[in-house]
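**Student:** Residues per chain, in single letters:
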Amino acid sequence: MTTNPPLVAAPPVVQIDALRKRYGERWVLDGVSFDVQRGEIFGFLGPNGAGKTTTLEILEGLRRPTSGSVRLFGMEVHSHLREIRERIGVSLQSTDYWGLLTVRETLQLFRGMYKRSLPLDELVELFDLGACLKRPMLELSGGNYQRVVLALALVNDPELVFLDEPTTGLDPSARRMLWDVVRSLRSRGRTVILTTHYMEEAEALCGRVAIINQGRIVECGTPDELVSGLAADVAISFSADAPIALDGLQQGGWCKDVREIEHGKYLAYCGDLGAGLAGLIAWATATRTVLSRIETRGPTLDDVFLRSALAHRAVAA
Amino acid sequence: MNALLLLAASFVRLYLRDRLTVVLSLALMVFMMVLFGLVMGEEQFRVALPVAVLDQAKTPASARALAAMRSDDLLEVTPVANEAEMVEQIRRAKVIAGLTFGATGSNRLVTSESASKWQRIGIDRLQQLLQRSQGVAAPSPWRVEARPIAVVKSRYIDFIFPGMLAMAIMQTCLGSGVVLLHAKKIGVLRRLRLTPVSSLQLFGGFISGRLLVVLLHLLALGLVAVLGFGAQVLSPWFALAATVALGCITFMALGVMLAVIAPSFEAGNLMVQLLSFPMSFLCGVFFKIESMPAYVAWLPKVLPLTYLVETMRGLITLGAPIASYRVDLGVLAGWLAAALLVAAFGLRHLQSDEG
Chain A
1 MTTNPPLVAA
11 PPVVQIDALR
21 KRYGERWVLD
31 GVSFDVQRGE
41 IFGFLGPNGA
51 GKTTTLEILE
61 GLRRPTSGSV
71 RLFGMEVHSH
81 LREIRERIGV
91 SLQSTDYWGL
101 LTVRETLQLF
111 RGMYKRSLPL
121 DELVELFDLG
131 ACLKRPMLEL
141 SGGNYQRVVL
151 ALALVNDPEL
161 VFLDEPTTGL
171 DPSARRMLWD
181 VVRSLRSRGR
191 TVILTTHYME
201 EAEALCGRVA
211 IINQGRIVEC
221 GTPDELVSGL
231 AADVAISFSA
241 DAPIALDGLQ
251 QGGWCKDVRE
261 IEHGKYLAYC
271 GDLGAGLAGL
281 IAWATATRTV
291 LSRIETRGPT
301 LDDVFLRSAL
311 AHRAVAA
Chain B
1 MNALLLLAAS
11 FVRLYLRDRL
21 TVVLSLALMV
31 FMMVLFGLVM
41 GEEQFRVALP
51 VAVLDQAKTP
61 ASARALAAMR
71 SDDLLEVTPV
81 ANEAEMVEQI
91 RRAKVIAGLT
101 FGATGSNRLV
111 TSESASKWQR
121 IGIDRLQQLL
131 QRSQGVAAPS
141 PWRVEARPIA
151 VVKSRYIDFI
161 FPGMLAMAIM
171 QTCLGSGVVL
181 LHAKKIGVLR
191 RLRLTPVSSL
201 QLFGGFISGR
211 LLVVLLHLLA
221 LGLVAVLGFG
231 AQVLSPWFAL
241 AATVALGCIT
251 FMALGVMLAV
261 IAPSFEAGNL
271 MVQLLSFPMS
281 FLCGVFFKIE
291 SMPAYVAWLP
301 KVLPLTYLVE
311 TMRGLITLGA
321 PIASYRVDLG
331 VLAGWLAAAL
341 LVAAFGLRHL
351 QSDEG
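In the order they appear, the protein sequences are chains A and B.
When we follow this note's numbering, the leftmost residue of the first sequence carries the number 1, and every step to the right adds one.
When we follow this note's numbering, the leftmost residue of the second sequence carries the number 1, and every step to the right adds one.
Simulated from the structure, these hints should not be mistaken for laboratory data.
Quantities reported herein were computed from a predicted structural model and do not represent experimental measurements.
You may find that some hints are simply not true.
[As the list claims (entries may be wrong)] Lysine to aspartate or glutamate pairs mimicking EDC-like chemistry, simulated, CA-CA at most 16 Å apart:
no.	chain 1	residue 1	chain 2	residue 2
1	B	K185	A	D96
2	A	K115	A	E83
3	B	K184	A	D96
4	B	K185	B	E266
5	A	K256	A	D233
6	A	K115	A	E159
Construct the entire structure; sequences and hints are all you get.
**Tutor:** Written out as C-alpha cells, the structure is:
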C-alpha cells in the first residue's frame, strides 16, 4: 500500500504579525498584522501619514521594525535580504531615474543587478516600449515614464511586486493601461501589494484590501465584504447652508450613519432610498435648514475609506 | 562584477551626456592654464632670491656676511648640511646659487652654467653684497664656480600644470559627493538599494565611474599642457599613478563624507563649494605658498590639496623620487583615514534605522 505525502498548504507570501515601528516618541505602526497569499492582488489603503509607506519600507527591507515579525516567502526579511530582493520587484512612490540615460540603458542597468532577468525584448513588448527605447528618460511623457518604472519593477520577473501609488498623476487612459499590466501579473501567478489613493482602482484590481489609519489596520477584507460592512444600501450626500448637529440629524432614525466629509458637506448612509430622502427633507423642514446639491448613489469602497479615516479623525480630535 | 561595470559605465555616460558641464568644467581649467601660462611667460614667478649657504668656517667674517645677506630685501638664506644638498637645491631651482664658507678659508660661490638672466642678476647682487661685507677695498675672496648643473626648467607652465592636475582631482572627486547627493535626492539611490546588489558593489561602481571621469579630466589637461605648452612630465608613470590614485581616493572620501553629513543636496553642494573654493587659491596651485602673507600662511598647511600639489609638482616638474614626498603622502593618507572614519560614523548613524 502506498501512502500519499501529507498535503502542506503553501505559506503566505507575506506574513506580518504585531508589527510596531516608533520614530522618536511617536508610534507610526502599532500592531499591524496581515497575510498575503500567493497570486493575490492586495490593496493597502489609508490616508496620508497612516503608515502605508513605512509598512512597505519594512517589507522591502529598507527599515527595521521596532518589534513584531515580518516574513516574505517564509523567510525573516532582514536575515535573508539579498535572497528576498532577488525575488521581489518594487515601484517606489515618486522616484526619479537618471534623466540623461536612455530607456534601454536604464532597463539594462537594472537587469544587470539581478542573477535572473527577463529578456529586454520581452519587457519591451510587455510594456510597449519599442518607440521610446532610445529616448532619454527625461524626454518621456508621464504615461511612458510610468510604464518604464513598472518595467523596472519587473525586470527580474519577481514573484512579489510592491507598487506604491503607481498611477498617481496619470491620465485615465494611461491608468487603464497600467491596470491591464497589473491584471496580467495576477494571471501569471504573481503576488502584488498595491497602495493607491484611488478607491475605484482598488475596487477594480484588488482581491482584498486592508485600510490602515494611525498605524493600525482598521478594515481588512474583499472590497465587497467591506462595502457590505457599511450595512447601507444607499449613500446620500448633501450640503447645508449652516452648520448642523449630527446627533440631531440621526435622531430621526432615517439614516444609519452621517458624517461631515468637507466643510458644510455631509454624507448619510441609509437602508432605503425613499425613507432616507423623506427623513432628510422632514428634518430640513423641521430645522429650517436649506439643503443643496443632494445626490444619491450606492455605497462604494470610497465610503468604507471615508468612514475609517473620519472615524479616526474624530477620535484624534 | 557585471553590476559594478554597468554602474560605472552609467556614471561615465551621465557625465558625458551633460555636455554643458563637461565643456565648462574642462574649459575653465584649460582657460586658467592658458591664461596664466601666457601672462606669466617663461620665468617662474619669484619674489626673492634664495641662496643655499654651507657655513663650515663659523668665523666672524662668515657671520658678518650672513648677517648682510639676511638684511638684504631680496636675498634669502637657506642653510644646507652638505655640498650634495646644495647642488640638489640648485638643480631643483630652489636656490639661485650655493655659498660655501670653507673650514680652511676657501670660500666658493657655486651656480649653474645654465643660470638664467634673473639668476645671474641675483648672483651679481650677492657678490657685491659679500664684497661690501668684507670692506670695499678688500680684494674679492670669492671664487665663482659655474658648474654644469642641469637646472630644471622653471617656466610658469611647469609650475601651474601639476597644480592644475591636483586641482582637477580635488574638484572632480569632491564633486562626487554632489553626484551621490543628487542620486539620493531623486530617489534612484534608494531604488538601487532595493536590488540584490551589495552596498560594496554599488559604491564600487560609483567610485569606478567617477575615477574614469577624473582620468578624462587629467588626460584633457595633460594634452593641452604637453602639446600646447611643452610641459614636461619627468616623473616615472607608476609614481605619478600612485599619487593620483591616493589623491583621488582621499578627495572622493572627503566628497562622500560631505554627502553623508549634509542634510540636503543643496547644503551638500554648498559645503563642497566652501571646501573647494579656498583650497583652489590657498594651496599653491597658482602661486607659491611661501609668497602668502604670514596671517594666512598657516592655512595651506592644514589643507590636503597643498600636499597633493607639492607632491605632483615635485614628481612632474623635478622628477623627484616619490620617497621624497612620503610626509606629504602621509598627510594625504591621514586625511583619507579621517574622512572614511567620519563617513562611516555618519553612515551608521543614518542607517541605524535602515536595513
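**Student:** Taking the hints in turn, state whether each one holds.
**Tutor:** Structure-based check of each hint:
1. Note on B/K185 and A/D96: the hinted pairing holds, with a Cα-Cα distance of about 9 Å set against a maximum of 16 Å.
2. For the proposed pair A/K115 and A/E83, the alpha carbon gap of about 10 Å is at most 16 Å, so the pair holds.
3. Simply put, B/K184 and A/D96 have alpha-carbon atoms about 10 Å apart, close enough for the 16 Å limit, and the pair holds.
4. With a CA separation close to 10 Å, the supplied pair B/K185 and B/E266 stays within the 16 Å bound.
5. As the CA atoms of A/K256 and A/D233 are separated by approximately 10 Å, the hinted pair is consistent with the 16 Å bound.
6. Proposed proximity of A/K115 and A/E159 is supported: the alpha carbons are some 14 Å apart, at most 16 Å.
Checked against the numbered hints listed earlier, the structure breaks none of them; every hint is satisfied.
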